[in-house]
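Novice: To convert, count from 1 in the sequence shown and add 95; that's the numbering used here.
If you are wondering where the hints come from, they were derived from the structure by calculation, not from laboratory data. Quick caveat, the model's predicted, so the values are computed rather than measured. Warning: the hint list may mix true and false statements.
To be verified - Straight-line C-alpha distance at most 20 Å; calculated SDA-like pairs for lysine to any residue:
1) 156 - 123
2) 166 - 114
3) 156 - 223
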Amino acid sequence: MLAPVLALITLLAWAVASPVGSSPDDDFHLTSIWCASPSSAQYCQQDGATGERVVPKSLAKPACYAFDAKKSAACQSDLTFVATPDTPSTRGNYAGGYPVVYYATMGLFAGNDIVASALWMRVLNILLFVGLGTALYLLLPVHRRPALVWSWVLTTVPLGLFVLSSNNPSAWTMTGIGMGWIALLGYFETTGRRRIALGSLFALSALMAAGARSDGAIYIVLAVVAVGILTFEKSKRWMRSAILPAAVAALSMVFFRSSRSFESLTTGLPDQNLPHDFLGLVVYNLFEGPSLWTGIFGDKWGLGWLDTSMPAVVWLGGVACFVGVGFVAAGRMDWRKLSVVLGGVLALWLLPTVILVAAGQTVGSNMQPRYLLPLIVMFAGILLLSVRGRPVLLTRMQVLLVAATLSVTQLIALS
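Use the sequences and the hints to build the structure in full.
Specialist: Following this line, the structure appears as structure tokens:
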């Protein structure tokens, strides 16, 4: 049981290494958290004349270093980080563009000391991740445990570690999807109390994913479909078991609609026809789309506000480990697993392409690797599933090589 302790230490190191406001759009997310606090009247006041919110400056403008790789967080020295409302801001979840569960939960930890509060929120996110992962490992059938572990090991350096230990709601979506799909798989494959516990963990994971980001609701539906394909059988037991994921998927879509995600997706899209070079836009996004995948390993896309670039050795090591283990896992396939893996690749490729083409934009505009990271974690785990009792086996030397490579790249990324 040393692994959860090591994971906790690693993530806590990432949590304290980043200043307040370090993750993308933290001015929006931190303001939304304090305005969702039970004491919101103290921290978040509405300006009757303009309709804006008046919030602490250290929430409205915490990332004075954003977009400037040469600028450190020392520029925050003029911020007091005391939650005294003094700065007008239109940036926040005031109109319900995001689901409210994440903000309301984090709001319970919002206090007058902004730095301490933000750090405690990060600790909560880390504890949820480590706690869910440990519980799943103990509850899952033994032959499913390697897929759980490897899916996270291979996909979280460095972007995943940064997101999981941040104040960004993507931390919940990533945890919820990455844990939820395999909890659902275990739910279908077990009985008794273990089955009830796994079903409960799936429901909790889905609540986290869909309650943090609207795309989390879509990913939950995809997870339900994927696990349904992997486990389907013509039996009354399976049909009864399917009631839970069907209900959770339906509830997730309620979250999606209640957060006005469809409207926010279409708002701002060009009213005119798409650019005349429609085919060129499609081809460009299809060809550049995989950069969003390699972006989770630090290639092209920086951490923070996309301004903290990683040395090439970081992304090269991550991609090499993922591809190497993936080729080994490809030797364990049946038609169900193959169909889900291929479907996952299509989803990861076509989903950003469709969204970007519909918006008349190209890769690099609005679509970021962290949006796809939950799906990548899930489909990496599915790729690593054992088939008909035949596990995906790595030699001891291969395991040591992967562990050493990712340990070094993680250390370089953190430093």
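Novice: Now tell me if each hint is right for this structure.
Specialist: Tested hints:
Between residue 156 and residue 123 the alpha-carbon distance is near 9 Å, which keeps this suggested pair within the 20 Å criterion. Our distance criterion of 20 Å between C-alpha atoms is met by residue 166 and residue 114, whose separation comes to about 13 Å. The suggested pairing of residue 156 with residue 223 is violated, with an alpha-carbon distance near 28 Å, which exceeds 20 Å.
Against the hints set out earlier in the document, a violation occurs for number 3 only.
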